[in-house]
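**Q** Below are the chains, spelled out letter by letter.
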Amino acid sequence: MTRLNTFAELEQWRTQAAAARAQNEKCVTVCGGTGCRAYGSEKVWEAFRAEIAKQQANVKLNYQVKVTGCHGFCEKGPLVVIRPAQIFYTRVQVKDVPKIVSDTLIGGKVIERLLATDPQTNEHVVHEHDVPFYKHQSRLLLNMNGEIDPTRIEEYVALGGYGAFAKALSNMSGEQVIAQVKASKLRGRGGAGFPTGVKWETCRNQPGEVKYVVCNADEGDPGAYMDRSLIEGNPHRLIEGLAIGAYAIGAQEGYVYIRHEYPLAVKTLELAIKQAEECGLLGKNILGTKFNFTLHVQLGAGAFVCGEETALMASIEGRVGEPMPRPPFPAEKGLWGKPTNINNVKSWSSIPIIISQGADQFAKLGTENSKGTTIFSLVGKINNTGLVEVPMGVTLRHMVYDIGGGISQGKKFKALQTGGPSGGCIPESLLDLPLDYENLNAVGSMMGSGGMIVMDEETCMVNIAKYFLDFTKFESCGKCTACREGVRQMNTILERITQGEGEEGDIELLETMGAAIQDGALCALGRTAPNPVLSTIRYFRDEYTAHIQEQKCPAGVCKSLITFYIIAEKCNGCTLCARNCTEAAITGELHQLHVIDDAKCARCGVCREVCTHDAVGVR
Amino acid sequence: MVNLKINDKEIIVAEGTRLLDAIKMAGTDLPTLCNHPDLEPYGGCRLCSVEVSRNGKSWVTTACNTLVEEGLTVQTESDRAVSTRALMADLILSRTPNVPAVQRIASSLGVDEPRFATTNPEETCVLCGLCIRACHDVAKKEVLGFVERGPDRQVTMAFETYDAQACDDCNQCITYCPTGAITRLKGLPIGRKWYAHAKKWARTRQAVQYGLLAFFALLFVTTSQALQLPINISNLFSRLDPLQAIMANIAARELLPLYLPAMLTLIATILFGRVWCGWVCPLGAILQLFGPVGTRKMQSWFRMIKYGLLIVLFVMALFGSLAFMWLDPITILVRGVADPIGVILGIIEMPGFKVGTLFSMVMLVLVLGLNLIEKRFWCRYLCPLGALLGLGSKFDWIRRRVNEMSCVQCGDCVKTCPMGAINPETIQNDPAECVMCLDCADAPCPKTAITYGRQPTPRWNHEFDPGRREFIGGTATAAAGVVLLNSGLFQDKANDLIRPPGVISEKAFLDKCIRCDQCVQACATHALHPVTFGSTWDAFWTPAINGELGYCDYNCNRCGQVCPAGAIPALPLEAKRKQVMGVAVLAPSLCVNCMVCEKVCQLKAIDRIEIQKEGKLKPLPVVDPNKCNGCGQCEYKCPAPPAIKVYAPGKAPKRT
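Residue numbers (this note's numbering), protein chains in the order written: chain E, 1 to 619; chain L, 1 to 656.
Chain L on its own, in the form it takes in the complex (with noise of 0.2 Å):
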């Protein structure tokens, strides 16, 4: 054992000991460089100078390569000792002022601004040797080596070539560079298998993504053009969709089996983290392809936003209402796509297009506005489905991962990062905020020290967990919300909605409708429109039949066929057609004998009776209620509307 004294504390260490080493069990820790445990000190940096002194003689050494020896006393607080650090972190910050690893060390040791003259801004390398030593040393070749001397040195291979036969990337080299610089060195690709892995899966998720994408967009075409797929999978992505799928459970108090596929995404998301909204979801997609990336504007309560959104969805799908399922995504996109989009793009021929049709775009306009703000805005702080697979992602399998021994906190996937998830102090991120888009371990990573893999212990305690005051505040806010829909305050007009074929109650149907519209853009006469304002507020953007505007067809059943929740039950033509959607009401006074409504009932619910009319003999079309279904067809083409008109049923009005 051997006695010293540092910084005027005696301690005594094992013989051999490296003072840098004892200085740290003395409590101070000094910055290193170009000192690593694994390899025999090099004395470069000079970061570690400290003074020493012996029988009366003081002098500077590093601790890195220094041993202790009895009776040595050593002062790193000295001027002598201070002033040599300050002047080394000055001279290696002027040489690499925009590296962070150095930017750190030099403001620990009092350097905020180079003094000195830089020559190249862009330089990382600090000429520190730890790649040449670990290319050495470690992986027992000598592949890289210093060129030049003096201020034209750098660190190179043979010739300043790349050999692929000296160099079996073991990349050593990298796990060893204390500023990422070795992978950026001009000429030579260091680390390219592991970085044509990554790009391979990054270029993998863009593929799914864009992919999953464009057969969204497939099924959308195919479904308001009315193509018949050879299986019904139009409405693939709502079915898939969690969120919808629990709610709509929920809600309805009953096992949808159409939702069975979420299941699949639950299951993916446990496994591997929030995939839905990196590889699957159109909307994420469409968000992650434009929008400034990499800065965390929004302060870190925003992210609480989507669990609070999540809780009142649940809770009030607890009470039974589904009133705000129009936040989900799918609905979202499928809602902002089809119709006004539709029409503008010609897609959907819509007659009666309108402000209330135009509405319907409101939130993805609003989503894709934001994202202006940041990249994927609505699924950092809005998307309650994020927020859904967000609370599973905190315990699943598979997640990002940094290699703390090797990670410099260059910050250079926080500036990649679409999701702003990348803490920019500690690299680390929730895993509740990351779409595992795998954007990160691409090329930007200098030291390849973001891996994907199995975490050890899943455990809370993440940068955003949710809280109790989430809780509580998504509760209150939900159940307010229950009772003032259902308090009858915004049930400014009667319930008279006719609503499409197969749906018997009201109440059962907006316990299972999400909201997402699909059957609007299905039908074929455009009969289908989302509710808007002038009905309930529980019942917005639910489908109901305009008879202005269009007919249920009576070769039609598709709206049945692409519900997701079977809120509108998927019937065949047969059983569709008997459905009663309402009733067909005459206005005599106004009906100019035509009798089109007579010719146009397919359900021969309209009779004939001969009236006398200014002085002639006319006929007078005659509702049969117990054989009209409200299909409104007469109303549609009606040339003197509204003398027909179909009421829901049981509102129609009382005639003699």
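The following block holds chain E by itself, in its conformation from the complex (with noise of 0.2 Å):
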């Protein structure tokens, strides 16, 4: 790779990249994801590349075999889209491989069972952007991720990529990229919505040479997975974004604070680094102007709560990951003392599509006070469950019925959890809530990093919330009495109810408890960590009042509160119950009806699972 030193030397080299990208137009390209790795995509694509080579000396085939980042429909992975024709496959497995080789790279046909089907209409989907779960989404930072090969920079500058950096460092100054940026009205994608332009403006007027800027990677809510995403499949847009940051700014050096249980993001950014270093878009006098900027990565030991901002600028500092009250803010005193600009990876993310499209274009997404696009890791019990980028202003139940493809197992929505473990918990009164900062906010909820779970009616909303604070609790640093103390207590009258131990009063303790710690805790993991319960309370308090005055749980998740029972119009005797039973709590003999000793039972719920007839209850 050649040193860029001219910004004519970088456009020229664009040309050529794009025009090897336009010749290999035809490709096989194989999702490299985590997501999809996981379920052995890594030997789909050497089953692919051997069998391509194989066929090679019959036919003259050229297709290429590509690795690219998440497509984000992690739920059908391993993903394969067949390239130019966009023939789009779900759960591709090696001994599929010589059949879409011969059929579909040299025959063309399409085949028909590995194709996603519509779960409205069950209709096979053959391209990739007919695919309900791709229709309905707005693909502005994920739009590369399956068209590119991250470990390749080339890529990413065939498709425009730097260009936003070349164009800020050439024609505008810091301040007007800050304009560009204040007038795109993107808010922090770490979940608080704080305006970046105007955090980069503080930042920019502090006094002092030295300055850092930032990205928080430390994706630690569980369940979500979307800056995970946008590394693996993108880095360069990240690098560019925190480059024009950072030319904005003032900074000549930056951090990207990663988590460690992100082997492949970590690995992949490096190398990324490591290009944009060879190429003179990092490091010193970049594209022969006078502006240098370092990029360190910076790994993170997996605490949850070094994603909040002084905490982790702690644990950059080689200290405990422990928040400090603010104010000071980062942007007057933040590393080492020095102004420093923090911003989630979609943020930073964000930036160059702002610079080269321009704010206006930008800003035509989303609603009034919210622009843009937002990432969601849409999980729990729903059809389509993976990343899923959605311009601001849609409503839930466009995301769960839409993009989700409703719940699974046709059972009944019961309650949407937003921002995390100390987001809350939204019931389906409020599903036509448009998406963003401050109506999640009047709801009880927030944005929070993205996570999104969807529950259905055998959620126990008690249970939900003594595990998001389980969660908060131990992940919370200990500094303050607030969350230490509040959260840890709150978490054990949460057990008593859910061990049918419940007192009369405890739901109001909760909630005059959970309010003083959202005023009183030191940090935003402490100030949210009581979301869950309240707002389970606002919306399901039938659910509590079940628990502590009647002893039951509705949802019959609570062992201490549940029975379970065979339903004897449904029972024919099969024993495969009995035969599960761990305990030998039920007894039976074939064909006859079974019965539960509930003395012995565990309440494992192994019988209703393995039930084939729906026979067994739960009361």
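It is possible that part of the hints are untrue.
Said to hold, decoys possible - Listed below are the simulated BS3-like cross-link pairs for lysine-lysine, each with C-alpha atoms no more than 30 Å apart in a straight line:
1. K364/E x K182/E
2. K654/L x K616/L
3. K604/L x K637/L
4. K135/E x K99/E
5. K267/E x K284/E
6. K338/E x K140/L
7. K57/L x K338/E
8. K338/E x K267/E
9. K109/E x K99/E
10. K338/E x K364/E
11. K599/L x K618/L
12. K54/E x K109/E
13. K24/L x K333/E
14. K333/E x K5/L
15. K599/L x K651/L
16. K284/E x K167/E
17. K412/E x K570/E
18. K599/L x K507/L
19. K99/E x K43/E
20. K333/E x K57/L
21. K599/L x K616/L
22. K182/E x K109/E
23. K338/E x K141/L
24. K140/L x K333/E
25. K651/L x K182/E
26. K616/L x K604/L
27. K57/L x K185/E
28. K274/E x K284/E
29. K333/E x K141/L
30. K26/E x K333/E
These are calculated hints, taken from the structure and not from any lab test.
Work from the hints to combine the two standalone chains into their complex.
**A** Have a look at this one:
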């Protein structure tokens, strides 16, 4: 790779790369995201390479095998797209590869069996863009994930990569860049939604020569993985965003704080940084200008609280990851006491788009106060789990039913949890709520970094609140009383309630505590930790009352409060439940009605899971 | 300057002022646990949460780390602020329910009982991080730190082991700890040098105190067994006793050189307080051994009794009476132990053991019994010597000092004080009540806040200063006592006591005798006994020869040697033999003419004459009053008592 010394050289290189890309238009793209790798996609692409090489002897194929970043439709992995025809195959196994090569690549036929189906119409869909999961999305940040090989910088450059950076460096002053970001009304995608441009301006206006930019890639919410997928699929856009930001703010050094648990993302990012340095896009005198920018990767050790910006900075400095009281804000006194600008991966990755397409174009998407798109990881009891990128302002119902394809196994929707462990649960009555920062806050939840967990009727809301508090209790750094002691005590009370030992007044106590902890905690982790409890009390108070007053768990989850029984009309005496019962609590002869001995029953629910006739009930 | 509004009060403060300080200036004092003026704000305890608003937006924040801003409105008593603070206090109290510092803060925020579950009732650490910040920022060390997170968080050193090379025992962490938990961390001997030092002194005190008690016992044994020490120091403790010294000197109206050593005690008291009581006094050493500590069961006026008694003794001494000197601790111990316990243990052979002698130990039994109510009950409330030394201690040079910046009023020292001297509220003490035993500075103080050092300005005005009432009351009682003693109301019998050899004037004797009964103990033949009932009240517990029980040995002068006051003069044997104690008088009608008296009289004061009796010629003893000194050997040896009997000078019955 040659070092680029002028803007013209970059453009020249881009032209070459685009031409090369056009030449290799025919290719088999295999998803190399962590989800698909878990499904075995590594073997799939190796099989493709071997099979194509084998067939090459007989037929001239000209197909490249390209490993890309995460496509987002992780439910159906490993995903394979045959380009340029855009034939979209799901759940591709190694054994399918020879057939794809022979039928599709050589024969030009579509293998129906491997196509995605529309869960509403049950029809096969051939092309990626027609799949309902993708059809309703507006992929701004994730757009290149399925297109490019993240390990090759040329691919990104070919699609216009580093153009925005060059534009900013050549034609714009730092103020102008910040003006553009402000005009785009981009808000922090880490969850709090602070206007990014304002934050940049504050940091730029701070006195001092040394400033830092930091990318928060410490994505710790259970079930959320969009930052990881962005880095795994398109690391250069993040680097470009950071470089533009550093230029605008006046920083010469940057850090990407990334979880050590993301080995693939770390590897991809480190490789990308190395490539960018070799090309002269990072380092000293970038593209022949006086701008210098060095980017470091800092690994986190897995503490959730290090996603909080002050704790994150402490961790980078080598101290224990504990939040510091704000003010002073990082923009005033950040890393090693210097002005520091911290943004989330999604925020940084949005910057090249804003600069290259213009702030107006970006601001066309979204609502009045929340612009652009946001990425959710849609998980839980839903048909299409995966990464979803939508413009701000779409309704939750649209997310769940149109993109997510409805609740799995035809169960009833109960609640939607957003914002990770410190978000809130939103009931069905609020499903038509347009998604944006203010709306989610108003209903007691939050945007968070974008986790979205769908819950069906078999989810106990008290138990779910306890689950999230268990998480925050353990992940609290323990510095402040409100979070360390308060969340622990709330969790203890919830534990009592789920064990049938709830007392009159517990709900009110939880509400009082929750309000005081929201006010009293030191950092956002503590301040938002009571959200799961408060929002479930707000919308599902009857479930709490049922636990406390009637000693019942309406969803049939809390073990101390439920009884399993055999529904006589449905049981055909197959003995399946009896054979699977670990406690030998089920008795019954073949073809005879079975009975559960409640005294022996450990309430594990295996009988209910294995029964093919829905003959095991819970009350 | 910045204008802001705190609780509807407009105030102007300097830029950069912390909100917490501004609130204090506005007249509201918010309690905090994790904040310290020397250290950067931490924002951990959240106890200083207040509601602030600006531009119509309001939020709750901690005042410690917020700087004042122009136009800020602060409400410390809004519902949100109050309930946030109350919950924080409740949570901290639930974590550490038995820490007084936390209890006080919680109580000031309306939380008296913890509402939440307590995991470990012994927990004292509130995880405020002050120790760690003191270690890092003040001591410039990085020895302490947190480990674990969330509910498992705790303070410790690296790998939970004490690294003596890293930690130089600067004790900054201890000084800053708001609860005293830091010195109780498991496995970390924090403050060990300090404790070693404090322990060393406490151990020294114990060694001195019990060593002197043993020495006292040794003197006791040598005195009662008539063993000769190279130098005569058998009455050393009495001679060191300034109460005896002062009262005897006043009552005798002369300078008694024997009591010069008591000056040492007075000087030591002015320098170091009641060290006599804590380090020297043998009775104190015994009382320190048992009894409940740490409580103040009696009302505070009980402490005044000892001053009252002191004044009574003083005023009576002015009137020339030492009648109540049996209240002196040394006399109580000697008298209580010398006779009855000596008899019981067989150290003293006392053929005439009787109720009167047993009565000698009444005071000691009482003092020991009172000790079961409170340790050193006697020393706290009654001891006139303690009162005297206490008055001196109120101006002493070295005394117990409590570092108020460090003390967290945990009250642990209160629980160890044998004198109940430490006020449970203030943790300070009246130096007059402290016996300088140094026990409180030993391991109990988790804050190493107690030191013994110079007092910059000695001043009156302590917790238990005696006032005008005590003086007037004591004086009046004493005057009444003197009047009563001399009124003859109680002088039911004529004074016919036979005093030890060398006593010439009964009045002069009573003016010097401090009723210690050491002569009784020393008397080789046990002729000397304490006077109890049956004589004047003024003579109570003074020594007198009981001719039925013994006699004054021709070759013994020990009573004079051991008398600390010189009431019995220390005479050489030759001189002593010439001292007249009384005179022997024969009752011829009872005499069996055995002439034993003639044989035993070493002064040859008994002659014989021949008389006709029952038709036979029999010898009859005749006493030469000019030769007889009344030693009583004849009386004691007489087989037909009381055929010959010794009477006090001038008290002999007239015979023909």
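**Q** Any hints from earlier that this structure breaks? Give me their numbers in increasing order, please.
**A** 10, 18, 22, 25, 30
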